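One letter stands for each residue in the lines below.
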Amino acid sequence: MATVLKTEIQAPARETKWVGTRPIRPDGVDKVTGRAKFGADLILPGMLVGKVLRSPHPHAKIKSIDISKAAALPGVKAIVTRDDFQDLPSEFVPAGEMMVNYRDIVRNVMAREKVLYEGHPVAALAATSAQIAKQALKLIEVEYEVLPHVIDVLEAMKDDAPLLHDDLFTAGVEPAPSKPSNIAKRVEFAIGDIAAGFAEADLVIERTFDTKAVHQGYIEPHACVASFSEDGQAELWCSTQGHYIVRGHCAKMLGMDISELRVTASEIGGGFGGKTVVYLEPLALALSRKSNRPVKMVMSREEVFRATGPTSGANVRVKIGATRDGRITAAEGELKYQAGAFQGGPIQPGCMAAFAPYDLANVKVVGFDVVTNRPKVAAYRAPGAPISEFAVESVIDELAKKIGIDPIDFRLKNAAKEGTRTAYGPKLGPVGLIETLKRIKASEHYHAPLKPNQGRGIASGFWFNIGGETSVSINVNEDGTVTLMAGTPDIGGSRASSCLMAAEALGIDYDKVRPIIADTSSLGYTFLTGGSRATFSNGVAANEAAQQVIKEMCARAAKIWEIPADAVRWEDGMAKPAGANAGDFEPLSFAEIAKMAGKTGGPIAGHAHLNAQGAAPSFGTHLVDLEVDKETGRVTILRYTVAQDAGRAVHPAYVEGQYQGGAVQGIGWALNEEYIYGPDGRLQNPGFLDYRMPVASDVPMIDTVIVEVANPRHPFGVRGVGETPIVPPMAAIANAIEQATGIRFTELPMSPPKVLKAIEANGPG
Amino acid sequence: MAHVVLTRNLAQFTDGESELELEAANIRQLLRELAARYPRLEPHLGDGLAVAIDGEIFQDAWLEPIPAGSEVHIIPRIAGG
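Chains A and B are the protein sequences, given in the same order. By this note's numbering, the letter at position 682 of the first sequence is numbered 682, and the numbering carries on one by one without gaps. By this note's numbering, the letter at position 67 of the second sequence is numbered 67, and the numbering carries on one by one without gaps.
The hints are simulated quantities; they were obtained by calculation from the structure and are not laboratory data. Since this is a predicted model, take the numbers as computed values, not measurements. Don't take each hint at face value.
For the chain B half of the interface with chain A, some residues (derived, Cβ under 10 angstroms), not all of them [unchecked claim]:
hint, residue
1, Q12
2, P39
3, L41
4, G80
Across the chosen pairs, the derived CB separations fall in these ranges [unchecked claim]:
hint, chain 1, residue 1, chain 2, residue 2, range
5, B, D47, A, S522, 24 to 30 angstroms
6, A, I219, B, N26, 27 to 33 angstroms
7, B, W62, A, G404, 49 to 55 angstroms
8, B, D47, A, A36, 32 to 38 angstroms
9, B, L63, A, S522, 23 to 29 angstroms
10, B, R8, A, E418, 39 to 45 angstroms
11, B, N26, A, E418, 54 to 60 angstroms
12, A, K417, B, A36, 34 to 40 angstroms
13, B, W62, A, S697, 50 to 56 angstroms
14, B, D47, A, A442, 53 to 59 angstroms
15, A, E631, B, R8, 25 to 31 angstroms
Rough simulated footprint, nothing fancy, chain B against chain A, three-plus residues with beta-carbon under 8 angstroms [to be verified]:
hint, region
16, 477-485
17, 740-751
Ideal Cβ placement from N, Cα and C applies to all residues, glycine included.
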């Protein structure tokens, strides 16, 4: 049973009517009735079907591409290859998870000199039917010179490893290397004196962990429809976390002015960071421009697995020292993350987040960003943090057990709090980690008895959260209802939460506020939905837009009453005289002023365009019970509780959904999910039958505890909540399996064959 | 004056100097001052950075004031999924 706990809201203390309630979701009916339009649902007159020819090789030079036979096939209307996209110079820009390089985007969307992973696009075509398109793909002749490949991160770091890019020199190393390698970057974060810290320790534990690449697993594959007109204008509909980002990338790749491209975000069937980049969209636009016809492109699940970003697989070494009384004296980490075919994996946030749940004086974390012959990694919910914190939280658990301290007490003794200096430098503001630990410790779950072969595990997690560029418009309709326009595709409930915050600020009912996600030509630039920023940033912007509306409402009331504007105050959604001296007037409601808007100066609206600052991190703690079948190695999750600081839960049901979804996604990452490559460098499990994600029958109801330590920099106290829940599950589950079996697993996933093998190797008992 | 702290990666371009006192009214001035003082650092002071002022992280906020006596950290840009 989900529960909501309210702790003291430190600031701002604010009574709310709508924020914190659970009304019906504005998009709910369309989604449960099948009326909602997702990426593949748009159909336009004369629309063609686009398909992609992908490389069968993980690494090869492209010697030639002959499209003549395919072009001659009746029904084929356009074909594009590397020759149809201009090369772009190396230029790093912020986009989604990390900095991306346009030179690499061009090459990832369509291979140029080489293919760098199985599934790398080599050509794309548009035809009058899917059948003709598939037939035509077989007629494209590509001559490859196959090259040696490298899949594993440690293999890729060796001096004699096959080299993906002969112009890639390790950044972050002084002096700069003279030879290229697969190591794109070395990063380091440190505070204090690591050697002195370890010298103080009574106990030091050092372990090395391996994690596999895992996919975001969104249910809706990538899909888009592009329509170019003869005058050079284009429209694009796509399933994306950021249609303004898509617009920018596509305009750059196709040599268009940004104003020539209008992008509309469809409803989105999951993203988790994986829909912050472009794959099909530039191809569909190029095919549409060439054919003068609308082009729809939809990936198969196999294409999603073979060619879109998973997150990194990694090798992580962690060393932590502590005193006998449970004080951590030093912590060290070395992280090696796969970036996939192009540089730019989540190594920096992985390093920065690794030890964030702890108040430590001596920390050193070194990370390496390593290219391999795999699809380029994309953002995946708290990018990089689940990997490093899996390793750290496993060692923390082991230290607590060896010292003989309850794992929650050990964490409480070392927990990050307001004023803690992070390993990456700045001190934390008010945070709620300690509250989550205390709530878990006080829960009935933590004290419930366990049976044989069952184990209980705990782990904490952290994510930064961000703000960013955001536009929101509020248009007041003539009957006093309101339309709220936002630019963040709604993945996790941002429409409902934005409406709740707008209703709260305006003092009107929630059901009078209807939201839309505006297209790129209707509303100012808005950064993508990612970094747990949408509810945070939209709240800042919606509040500002609402204040503009209120100011105008008061001005209109003043005109009606023929008194000065500053003699009117706004209270409970009504304009009232500010005091006895202002005059004796009956309050005017929001709807009454809206009805008279045309006669008092015209339509009333508010608009905010800002770069939202003041995002605050969220900490969470997860508790899991499980049972290990020692005959099969299967792990069954019995019970699971998530406690996390939301700052302020605007729509608690959505917050609980984020907590529950993160836990379930983490259960899959912990127990089953992995990319399996053959010796030929080809992915062997590109489908949900062999890439095993959890389904409802695999998991119990996930209990939730919402802790609220308000973010003082947000008008409603909000912190982002979407990413932190994916961070603790892997370690919590590993710690529980250790308690059930006595075996410390250091490799993900802890799938039945691996668990069984370890149990058998460990002997009976 | 603000107390400015650089990550170890950035300190590679300042001959190892990772902490310094610097006069800057806002983030843009801070970045300019750093670039003027350490020319090798300039190419690394672009879009990939965030600036924390007394613990609060700012991104793309050139005009954010830096109060006197602040502790300022130059760190990698934060994003997410």
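Going down the list of hints, with the structure as the test:
{"no.": "1", "hint": "Q12", "in the structure": "holds, 5 angstroms"}
{"no.": "2", "hint": "P39", "in the structure": "violated, 16 angstroms"}
{"no.": "3", "hint": "L41", "in the structure": "violated, 13 angstroms"}
{"no.": "4", "hint": "G80", "in the structure": "holds, 3 angstroms"}
{"no.": "5", "hint": "D47(B) to S522(A): 24 to 30 angstroms", "in the structure": "holds, 26 angstroms"}
{"no.": "6", "hint": "I219(A) to N26(B): 27 to 33 angstroms", "in the structure": "violated, 45 angstroms"}
{"no.": "7", "hint": "W62(B) to G404(A): 49 to 55 angstroms", "in the structure": "holds, 52 angstroms"}
{"no.": "8", "hint": "D47(B) to A36(A): 32 to 38 angstroms", "in the structure": "holds, 35 angstroms"}
{"no.": "9", "hint": "L63(B) to S522(A): 23 to 29 angstroms", "in the structure": "holds, 27 angstroms"}
{"no.": "10", "hint": "R8(B) to E418(A): 39 to 45 angstroms", "in the structure": "violated, 26 angstroms"}
{"no.": "11", "hint": "N26(B) to E418(A): 54 to 60 angstroms", "in the structure": "violated, 26 angstroms"}
{"no.": "12", "hint": "K417(A) to A36(B): 34 to 40 angstroms", "in the structure": "holds, 38 angstroms"}
{"no.": "13", "hint": "W62(B) to S697(A): 50 to 56 angstroms", "in the structure": "holds, 52 angstroms"}
{"no.": "14", "hint": "D47(B) to A442(A): 53 to 59 angstroms", "in the structure": "violated, 45 angstroms"}
{"no.": "15", "hint": "E631(A) to R8(B): 25 to 31 angstroms", "in the structure": "violated, 50 angstroms"}
{"no.": "16", "hint": "477-485", "in the structure": "violated (count 0)"}
{"no.": "17", "hint": "740-751", "in the structure": "violated (count 0)"}
The structure shown violates the earlier hints numbered 2, 3, 6, 10, 11, 14, 15, 16 and 17.
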